[in-house]
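Just need the whole structure built from these sequences, with the hints factored in.
Chain by chain, the residues run as shown.
Protein chains: 2
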Amino acid sequence: MIDRLISSIEDKQNPTVVGLDPTYEMIPTFIKEQCLEQWGNSPKAVSEMFFTFNKMIIDEIYDLIPAVKPQIAMYEKYGLEGLRAYFETTQYCKSKGLIIIGDVKRGDIASTAAAYAGHIAGVDIEGEYFDLWNEDAITVNPYLGYDGIEPFLGACKQFDKGLFILVKTSNPSSCEIQDLKLDNKHIYNYVADLVSKWGENLIGEYGYSNIGAVVGATYREQGEELRSLMPHTFFLVPGYGAQGGKASDLKGYFDKDGRGAIINSSRGIISAYKTKNIQEKDFAKVAREAVIEMKNDLKG
Amino acid sequence: MIDRLISSIEDKQNPTVVGLDPTYEMIPTFIKEQCLEQWGNSPKAVSEMFFTFNKMIIDEIYDLIPAVKPQIAMYEKYGLEGLRAYFETTQYCKSKGLIIIGDVKRGDIASTAAAYAGHIAGVDIEGEYFDLWNEDAITVNPYLGYDGIEPFLGACKQFDKGLFILVKTSNPSSCEIQDLKLDNKHIYNYVADLVSKWGENLIGEYGYSNIGAVVGATYREQGEELRSLMPHTFFLVPGYGAQGGKASDLKGYFDKDGRGAIINSSRGIISAYKTKNIQEKDFAKVAREAVIEMKNDLKG
Chain Y
7 MIDRLISSIE DKQNPTVVGL DPTYEMIPTF IKEQCLEQWG NSPKAVSEMF
57 FTFNKMIIDE IYDLIPAVKP QIAMYEKYGL EGLRAYFETT QYCKSKGLII
107 IGDVKRGDIA STAAAYAGHI AGVDIEGEYF DLWNEDAITV NPYLGYDGIE
157 PFLGACKQFD KGLFILVKTS NPSSCEIQDL KLDNKHIYNY VADLVSKWGE
207 NLIGEYGYSN IGAVVGATYR EQGEELRSLM PHTFFLVPGY GAQGGKASDL
257 KGYFDKDGRG AIINSSRGII SAYKTKNIQE KDFAKVAREA VIEMKNDLKG
Chain U
7 MIDRLISSIE DKQNPTVVGL DPTYEMIPTF IKEQCLEQWG NSPKAVSEMF
57 FTFNKMIIDE IYDLIPAVKP QIAMYEKYGL EGLRAYFETT QYCKSKGLII
107 IGDVKRGDIA STAAAYAGHI AGVDIEGEYF DLWNEDAITV NPYLGYDGIE
157 PFLGACKQFD KGLFILVKTS NPSSCEIQDL KLDNKHIYNY VADLVSKWGE
207 NLIGEYGYSN IGAVVGATYR EQGEELRSLM PHTFFLVPGY GAQGGKASDL
257 KGYFDKDGRG AIINSSRGII SAYKTKNIQE KDFAKVAREA VIEMKNDLKG
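As they're listed, the protein sequences go chains Y and U.
Numbering of the first sequence is given in our numbering, commencing with residue 7 and proceeding in unit increments.
Numbering of the second sequence is given in our numbering, commencing with residue 7 and proceeding in unit increments.
Rather than coming from a laboratory, the hints here were simulated on the basis of the structure.
Among the clues, some could well be false.
One copy or two, either will do: identical chains are not told apart, so a pair holds if it fits within one copy or between any two.
To be verified - Taking lysine-lysine and the BS3-like style, the derived pairs with C-alpha atoms no more than 27 Å apart in a straight line are: (1) K38 / K61; (2) K100 / K50; (3) K100 / K252; (4) K301 / K163; (5) K187 / K203; (6) K187 / K305; (7) K203 / K102; (8) K50 / K38; (9) K191 / K100; (10) K191 / K203; (11) K18 / K61; (12) K291 / K100; (13) K305 / K282; (14) K291 / K252.
Every value quoted in this text rests on a predicted model; they were computed, and no experiment measured them.
Next up, the structure:
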């Protein structure tokens with residue numbers, strides 16, 4: 007996974023992952039009306055809206071970006087029909103050659119984690135193999151410790167898939183637990199050590215492991231500190247743009263070769279047409295412009 | 007939620023929640039064969055197996071227990087079809103008057119947590135309300151801090167639903183992060199303080215909050231310590247039975263009135279027929295016997 011991701015970033019000269027996190031409020035009226043007319047006020051209508059919206063954006067931007075990161079919560083909110091849009095989105099992105107990072111933040115004890123590992127491992131049913139989520143990597147939560155991570159590591163090894171484990175998240179309250187300090191070391195540092203260790207047998211040809219870390223763009227100092235402490239850990243960096251992270255803060259998240267991180271933007275791309283006050287019908291073109299803008303911003 | 011749960015525990019004189027966590031290996035051959043014949047080697051077949059299995063167990067035990075705790079990972083492994091079995095299971099349990107604790111362990115930043123809150127809040131689509139998961143409470147992960155919890159609190163208040171937030175989990179590796187110690191206080195103690203605080207405005211008539219805690223049965227001392235530190239926090243206690251927790255260890259998880267905790271057993275009930283080497287066709291009756299045995303064990 008990580009080698010494919012890095013080589014795709016280099017091919018496209020763009021360390022950007024676009025968050026496909028649709029909300030009802032974000033959907034342009036012409037899509038909304040068409041779906042409500044056909045499916046009524048129903049989860050099915052919302053599912054169709056989300057997939058149509060995503061598909062139109064992907065068609066405009068897939069040539070510019072290496073990866074997408076759909077946030078499953080946005081779909082799960084709308085039950086089974088919502089999740090159908092998640093599945094159709096990952097399937098469509100796969101057909102466009104994009105790497106798919108499922109932002110699922112799962113985490114549980116061993117036997118349960120083994121079931122969640124189905125996200126990346128697929129399932130075997132009487133000798134037939136099914137890949138039911140189309141994800142190349144997923145985000146996971148470390149709070150339960152190693153036995154909740156171990157089943158995912160096996161899946162990463164066997165199927166060349168990846169994980170991004172939460173280390174220091176981008177939100178304001180991330181300090182409450184993650185920044186607690188013991189023996190001069192924050193909890194996120196302890197988790198960083200664990201993540202490095204968990205990933206040490208899965209290092210690819212660029213020197214990075216299939217086991218990456220989530221490190222928020224909104225805490226520059228911590229990001230730089232973690233970069234130097236975790237030389238083999240690739241960072242998935244949320245928090246750029248809408249959450250306040252700036253390109254100038256992100257230099258230290260990359261290594262000396264300009265590798266080591268992929269920056270996520272969600273709202274800043276997919277609902278750029280709203281903030282820029284541009285006609286709804288052009289929403290996907292505006293998303294493309296926002297991707298180009300972000301690419302140039304990060305280059306600087 | 008919490009008042010309904012406590013009064014149902016008292017009506018049924020049984021502080022047990024049954025984990026509906028089916029695995030492919032657990033399904034009796036006659037159910038398996040019937041579903042494979044009808045649906046082929048497919049996720050649809052597994053979905054039908056899981057629901058049939060759950061339904062037959064629920065029919066045998068619903069009069070004995072206050073609540074069920076389906077573990078969503080077991081279903082999510084089989085994609086959308088798997089999740090259909092989760093939905094059908096919660097729907098069926100609801101029709102039997104059971105309280106449903108969705109073991110989903112979700113956790114994310116504010117805007118995303120708001121989407122996950124759909125599990126308990128349902129969704130509004132153009133003025134029509136849909137409850138798409140049928141859950142009365144869910145489990146959540148605290149690693150992201152308050153802004154990842156706050157959207158759930160609003161849903162709990164508005165819809166009288168509940169949360170069980172991970173404090174000290176039952177698995178062997180739970181010590182890795184949860185037991186880290188600073189200023190003579192473990193991380194799980196810090197989280198316990200946060201959980202108490204988050205729940206203080208949602209306390210019901212028995213003195214317990216709709217915001218509960220997950221505290222594993224496998225760490226007796228910590229369980230007792232947390233009971234005294236969290237007088238208004240109801241405990242969901244996994245780890246009894248198959249994971250090694252014993253009834254004699256659990257006394258200190260309850261308050262002086264015998265309230266304050268509900269004990270989960272999953273495999274020990276639903277696949278009891280396997281460990282007891284009893285004919286497959288009697289699997290649901292054996293589950294009933296296992297529930298009665300557990301009830302008596304906990305009484306002692």
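Comparing the hints with the structure gives:
With identical chains, the CA atoms of K38 and K61 are at most 27 Å apart within one copy only, with a shortest distance of 14 Å there and 38 Å across copies. For a Cα distance limit of 27 Å, the shortest separation of K100 from K50 qualifies both inside one copy, at 23 Å, and across copies, at 23 Å. Within a single copy, K100 and K252 get their C-alpha atoms no closer than 29 Å, and across copies no closer than 48 Å, so neither meets the 27 Å cut-off. Taking the shortest Cα distances, K301 and K163 never come within 27 Å of each other, neither inside one copy (31 Å) nor across copies (43 Å).
Taking the shortest alpha-carbon separations for K187 and K203, both the intra-copy value of 20 Å and the inter-copy value of 21 Å come in at or below 27 Å. Proximity of K187 to K305 under the C-alpha cut-off of 27 Å is found in neither arrangement, the shortest distances being 35 Å within a copy and 42 Å between copies. With identical chains, the CA atoms of K203 and K102 are never at most 27 Å apart, being 34 Å at best within one copy and 47 Å at best between copies. For a Cα distance limit of 27 Å, the shortest separation of K50 from K38 inside one copy, 12 Å, qualifies, whereas the shortest one across copies, 31 Å, does not.
With identical chains, the CA atoms of K191 and K100 are never at most 27 Å apart, being 40 Å at best within one copy and 47 Å at best between copies. Taking the shortest Cα distances, K191 and K203 sit within 27 Å of each other both inside one copy (17 Å) and across copies (26 Å). In the homo-oligomer, the alpha carbons of K18 and K61 lie at most 27 Å apart inside one protomer (20 Å), although the nearest pairing across protomers, at 51 Å, exceeds that limit. Only within a single protomer do K291 and K100 lie at most 27 Å apart by alpha-carbon distance; the minimum there is 21 Å, versus 46 Å between protomers.
For the identical chains of this complex, K305 and K282 are intra-copy neighbours only, at 22 Å inside a copy versus 64 Å across copies, given an alpha-carbon limit of 27 Å. Taking the shortest Cα distances, K291 and K252 sit within 27 Å of each other inside one copy (23 Å), while across copies they are farther apart (61 Å).
Checked against the numbered hints given earlier, the structure breaks hints 3, 4, 6, 7, 9 and satisfies all the rest.
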